[in-house]
Each structure stands twice: as C-alpha cells, then as structure tokens.
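One letter stands for each residue in the lines below.
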Amino acid sequence: MMRPLIRTRRRIGAASAPVIARSRTGGAARVSTWTRTALAGALVAAVALLVGGSAMAQGAKPIKIGFGMALTGGLAGNGKAALLAMQIWRDDVNKKGGLLGRPVEFVYYDDQTNPATVPGIYTKLLDVDKVDLVVSGYGTNLIAPAMPLVMERKLLFMGLFGLANNEKYKYPRYFQIAPGGPDPAGAFSEGFFELAAKQSPRPKTAALVGADAEFPQTALVGARHHAKRLGFQVVYDKTYPPTTVDYTPIVRAIKATNPDVVFVASYPPDSTGMVLAASEVGLEPKMFGGGMVGLHFTALLTKLGAKLNGIVDYGFWVPEPTMKFPGIEAFLQKYQPEAVKAGVDPLGFYLPPWAYAMMQVLGQAVEGTKGLDQQKLAEYIHAQEFDTVVGKVKFGADGEWAKSRTVTMQFQNIKGSDADQFRQAGKQVVVYPDELKSGKLIYPYSAARK
Amino acid sequence: MLSLDLFLNAIVAGLLIGGFYAAVSLGISVTFGLLDVANIAHPVFVILGAYTAFTLNSAYGTDPLVAGLVFAPVFFLVGVAVYQFYYASFERKGESPLRGLVFFFGLLFIVEVALSLKFGVDYRLIEAPYIGESVHIGPVGIAFRLLVPCVVGLLMTFALYLFLGKTFYGRAIMGVAQDSLALRLVGADPIRIKTLAFGLGIATASVAGALLIMISPVEPSIGRAYIGRVFAITVLGGLGSIGGTLTAAMILGVAESLTSTFSGPSWAQAVSFGLLLLVLAIRPAGLFGR
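Listed in order, the protein sequences are those of chains A and B.
The first sequence runs 242 to 691 under this note's numbering.
The second sequence runs 366 to 655 under this note's numbering.
Bear in mind the hints are in silico, worked out from the structure with no lab data behind them.
Hints are not guaranteed to be accurate.
What the hints assert, rightly or not - In silico DSSO-like links for lysine-lysine, alpha-carbon gap of 30 Å or less:
#1 B:LYS458 <-> A:LYS575
#2 A:LYS336 <-> A:LYS371
#3 A:LYS544 <-> A:LYS336
#4 A:LYS305 <-> A:LYS371
#5 B:LYS483 <-> A:LYS582
#6 A:LYS617 <-> A:LYS365
#7 B:LYS458 <-> A:LYS365
#8 A:LYS395 <-> A:LYS439
#9 A:LYS544 <-> B:LYS458
#10 A:LYS439 <-> A:LYS548
#11 A:LYS479 <-> A:LYS544
#12 A:LYS445 <-> A:LYS527
Stated by the list, open to error - Residues from chain B shown here face chain A by an in silico Cβ test under 8 Å; the list is partial:
#13 ASP401
#14 GLN449
#15 GLY459
#16 SER461
#17 PRO462
#18 ARG489
#19 ALA493
#20 SER499
#21 THR560
#22 ALA590
Ideal Cβ placement from N, Cα and C applies to all residues, glycine included.
Given the sequences, and given the hints that come with them, work out the whole structure.
Put into structure tokens, the structure is as follows:
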C-alpha cells in the first residue's frame, strides 16, 4: 500500500513551531527553524564559493563538446567507431595540455539512429549540460533534425557525413567533413556514370534504385542528373521501404528491364540484401554498384567476401598507395587495437579517420581564434586550409569541401573471408578520379567475378 | 512489362517469404491468438534467436537451423519464466491484456539493450554453404537462402498444428483458449497449460531467429520492423487459427512480392496492410478466426 508522496501540514501563524513532514516511508521528521536557517545559510555560502571559485579556477574549467551519436540502431556500427576516433582525438589533445590550456570533455547521448531523438538531445546539451561547442551525430538523417536548432542559436556546427544537409539553408556556420565538394549529391554518382560513359561499346540504359530515406533519395537525385547529362536512358527508377526483407522481387524487376548499368543507393542492410539477391537472381549488368553504404564495414567485407568483386562503389578513404596522407597510418595504428577492445569495426577505414579529422579542424580553429566565439570560429574555418589525417581540408562557402574528393572504387580480387586481406592495397581499388587512381576498372562487371 | 516469367517468379518469391513470415508469426499466433497475451516482445526474442544461432555459427560453424533447434528448449524455459512473472503481476489480478502490453514493451527494450551491450551494434551475418546459391526450375529461380526458411516455416506450422490437434496438452491449450473454467472442471490446470503454451510460443522464436539470420544481417533493433507485420498476419489469419496464420503469411508475402515487382516496392507494405483492413472490414474475425 503506497502512502501519498509528501504531505506537509503547516499551521498558519506559528512560524516558530516545528514543521512536520510525512515521508513516503511513513516516518515523521521534525525540522526546526534553526536547522532550516543554518541549511539555507550553508547553501548560500556554497553557491558563493562555487561562483567565486569558478572565476578563480577558470584555467582548469573544461571545454565541453556536445553531440548525439548513433550508438544503437542501424548506423551504430559506424557511430560507435566514430565515437572511438573522437575519443582518441580528445585524449591526444588532452595529453598535450588541452585546448587553450583547458581539458576537453565530451557530453554525448545515443540518438539510436532515430532522427526524432535529435532535437531533444541537442536542446538538452545546450540548455541543461551547457556545452561550449556542438558537433553532429553520424549521417544525413541524423544531422537534418539538428540544423534548425543550431541555426536558431547561431552555433558553429561540424557535420559528420551528411549529404547536402546545408543545401537549402546555406547556413554559414556549418561545415561537413566528408569530401563531397560543392555538389555532394552528384559526387556519389559522378565517377560511376563518367566511367560508364567512357567504356566501349558505350552502355546505353541505366536502372536506378534506392531506399526511401534522406541519404539514398538525395544520392538518387544526383544519379538521375548525371545519367541524363551523359545520355543514359533510365529504364527503372524506383525506391523501396528500408524495412524490406526480401530484395529478390526488386532485383528481378530490375533484371527484366535489361539495364546496362545498375546504380543502387542503400544503407547497410539493403546493401547486403541487394548484393545477395543480385548474386542469386543472376543480375549481371555491365556495371553494378553506386552509393552503397555499408559495404566498407569490416563485418560485411568479410562475410560478403568474393560476392563484392566487381562492384563499383563510392569511397572516401581506402588503404591504397595514392591515399597515404600524413598521419593516417599513425591514427590507424592507435585506432585498431582500441577498436578490437571496444568491439567496433576493427579496420576503421571508412568513418573513423574522418571523425578524427573533423575534431582536428575544430581543435585547430579553437586554438587559432584563441577562444570559443562561434562567429570567429566559423570565419576562421572558412578562411583556413587545415592539415588533417585525411589530407588537406579546405571548405567552400556552403560548408562543403571546396573541391570534391569523393573517389569511385571497385572491389577487386577479394578471396574468401579473411579480414587481413583488406589491410593491403589492391582490394578496394580507386578507379576515379585520375589524380587518385590506383588501378584499372575491370569492365564489364562479369569479368571481375571470375 | 507483364511477362509470365516475372509473374511466376514473383508468386514463388512471395510464397517463400510468406513461409518465413509464418515462422516468425507462429509464436504470436499461440500467445496472442490463443492465450490473449499481447506479447509485443516476441520479435525481440526472434532477434535473440538470431544471435544465439550466430554465436554457435561463429564459434563452431554450426548450421543456424541446428543452432535454432538446440536452443529451442532454452527459449521454452525463458518463455515459462516470463509467463510466470506476467501471470503473477497482471493476469492474476484480473488486469486487461492491454495493461500487460506495457510490461512486454519494457521487456522488448530490455532484451534489445542487453543484446547491444553483449554483441555490439554491428550487423551480423552467418556463413552457410547454401547461402548465395540458388536452384532453377524452368523459368523460376529459387534461392536456398529463402527456400530453407520457407520449408522450415511450413514444417513448424504443420508440427504445431498436429500438436494442438492431436496431443493432450495441445488440445488443453485449445481448451484454455475457449473456456478456462470448463478446462478446470475436466481436471487440467489452466495456468500450467498457459505457461506451457507461452513457453512454446517463445521456443518458436529460437528457430525463427535462426531463419531470419539466414535471410538478412541482424542487429539488435531490427525486431521493431516486424512488430506490425506479425500482428497483422495473426489478425488477418484469425486469432486462434494456426492454419490461418500460415495462409495470411502467404497472402501477405505474395501481395508484397507482386507489388514490389510490378508496381513499385514503396507500395508493398501499404498493399499488405490495405489487404488486412479490407478483410477485417468484411470479416472482422479474420480469415479463419473463431
């Protein structure tokens, strides 16, 4: 039987009489007026000390960076890996004395890969946790809901792998670390279609397919644009719900239109589903791939193994000789043992270097402006070129990279499911653009499958 | 673009996935259809089954189906424990089944988080020699990855049907669903029978989970996508009818497949649920409901 929570009875006009409070446990406590006064006085003194004390201990006060991150849900494999990379950055910075002489602290919450949680998380970070700086979670879908809030509060916002999140707003304090360039939606598909157009005999028809979600839809817009520009006839253009279980009917319908090239924009579960279904149905266009997220994850690289051969996918960083930027090897050597311990992607090629680079940019901006003023930081980041583990980073007016560095790569010569084969070059070969090319495209797709 | 080839393949693909949906929905058919327990946590037990199959497959290379069967008795015991708790907290006090829904929601999240903590959040797949292979019968191609779950789903349905129709405990379960007071009068303890039935429902999740991980990669939160489907199938088939569940699963599978192939995958689930609404409007008890 539960008593009512708290019931206090106070007799009017009897200020010096004891106040009886009934607690939930049923006991009664007498709190005398003297005790109350003493308690109040202690509270005031404590507040005074804290306020005065904090003014004195300003040098040791930590800089708090707040964010939501996908620690559960569909994108959590990547989200947790990104968090680990960010924590490595924080520890590196703190070992050298922190930023502006102050230690760096993270305040973060799990956004569960659910966009609905994001506004609440960032409101809490700003109003309750009172963080100094905010960065984004991982992925287009999770960055979008935070944009209105950070714009309203006029905050600097570093974005981690968001596709065209700032295209409509053109907010000047947003910066996105993936190398999409001024046309990020197009960057996913540019290499794919440019390469296809160069082949002889020239492929004529294209099938476009993707999930009903923000990233795939945006990527497909870019794909349609490139297909049209280069004169491809689009024979199939449909989307599917992300909760689809069986991709066989979709792949069969695509096969029935007999396309020369097939472009898929998908997230990890559907990337896997499409690859397996294509293998079973015997879909063998002249070129197959597109913007398929997830194929770079160690878990899928090893399990799908040779079924990936020939797929032409986008890439941001792969362990090819043309992409050995200063600092990247050192970062991976720090990251990989920690990743095994934390149970996240043990190779860490896809997202972690970029999460680290994003924090490098932020840290260098704080040191460069010698403060935390959001406007000054934004101006600094627009003006500077940064040295990071993923190479030199320069942002354009809309916060994307001034020049795209999204590469198109092809899975080649994968044998079996051994994870170590992916540490060397030659399995995720860069085939576009020419400046970063590390091998030749195997065309048609069926030739790479032998 | 209506070719016979495509049409046949779409029907077959729909039937195959329907068999799998039936396997996942059987547990709900027993616990919700027969016992009136709104076990919304059933899909997460399916995911748990997928993870146990994954564990054995990674460690010993065990075929996932074998793993699913090996763990079924363990899941049975878990189901018994869950039901005992549910009974003591809700049913004994005469609460309506909807109150218990909150308990099962909580259970869903607890198990999901426990899986995230234990296994991490990366997608998991299994390796088996028949995954990726397919067989061709004339114009129709059948992937083993989908054939095995369908066949197992059909076998499970048949086995459950026989159990409920022919054995003493099976008929007692049907009896408790109809009239538990009458059952008491003939000397069976309805609580014990219901505990048994609930355990059986959860045991099917072990096998269904093994089938799930054969078809697609799993991570802890994907169970939520199945909640709507499994309840829709059970209700469409008619509460209390195992054969109805199978039929409904096949119908839904074929509807999804035909829509995906000819109209557009975006509409697949809308068509499935539209069918459900249509049937319920004409026949509120479902296709084969009591």
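Verification of the hints:
Pair hint LYS458 (chain B) plus LYS575 (chain A) does not hold up; C-alpha atoms about 57 Å apart against a cutoff of 30 Å. Our distance criterion of 30 Å between C-alpha atoms is met by LYS336 (chain A) and LYS371 (chain A), whose separation comes to about 24 Å. For the suggested pair LYS544 (chain A) and LYS336 (chain A), the alpha carbons sit about 38 Å apart, so the restraint of at most 30 Å is broken. For the proposed pair LYS305 (chain A) and LYS371 (chain A), the alpha carbon gap of about 8 Å is at most 30 Å, so the pair holds.
Between LYS483 (chain B) and LYS582 (chain A) the alpha-carbon distance is near 13 Å, which keeps this suggested pair within the 30 Å criterion. Of the supplied pair hints, the one linking LYS617 (chain A) and LYS365 (chain A) holds, its CA atoms being roughly 24 Å apart against a limit of 30 Å. Note on LYS458 (chain B) and LYS365 (chain A): the hinted pairing is violated, with a Cα-Cα distance of about 40 Å set against a maximum of 30 Å. Distance hint between LYS395 (chain A) and LYS439 (chain A) is unfulfilled; the C-alpha atoms sit about 46 Å from each other, more than 30 Å.
Simply put, LYS544 (chain A) and LYS458 (chain B) have alpha-carbon atoms about 50 Å apart, too far for the 30 Å limit, and the pair is violated. Note on LYS439 (chain A) and LYS548 (chain A): the hinted pairing holds, with a Cα-Cα distance of about 25 Å set against a maximum of 30 Å. The straight-line distance between the Cα atoms of LYS479 (chain A) and LYS544 (chain A) is roughly 28 Å, inside the 30 Å bound, and the hint therefore holds. This hinted pair checks out: LYS445 (chain A) and LYS527 (chain A) have alpha carbons roughly 10 Å apart, not beyond 30 Å.
The beta carbon of ASP401 (chain B) is not positioned within 8 Å of any beta carbon in chain A (closest approach about 27 Å), and the interface hint is therefore violated. Restraint check, GLN449 (chain B) versus chain A: the minimum CB separation of about 24 Å is more than 8 Å; hint violated. The interface hint given for GLY459 (chain B) is violated, since its Cβ lies 18 Å from the closest Cβ of chain A, which is over the 8 Å cut-off. With its C-beta approaching chain A no nearer than about 22 Å, SER461 (chain B) sits outside the 8 Å limit, and its interface hint is violated.
Because the beta carbon of PRO462 (chain B) sits about 25 Å from the nearest beta carbon in chain A, more than 8 Å, this interface hint is broken. Here the hint on ARG489 (chain B) is kept, as its CB sits about 7 Å from the closest CB of chain A, short of 8 Å. At its closest, the beta carbon of ALA493 (chain B) sits 11 Å from a beta carbon of chain A; the interface hint therefore is violated under the 8 Å criterion. Here the hint on SER499 (chain B) is kept, as its CB sits about 4 Å from the closest CB of chain A, short of 8 Å.
Among the interface hints, the one on THR560 (chain B) is violated; its C-beta lies about 29 Å from the nearest C-beta in chain A, farther than the 8 Å criterion. For ALA590 (chain B), the interface hint holds, the least distance from its beta-carbon to any beta-carbon of chain A being 4 Å, beneath 8 Å.
Checked against the numbered hints given earlier, the structure breaks hints 1, 3, 7, 8, 9, 13, 14, 15, 16, 17, 19, 21 and satisfies all the rest.
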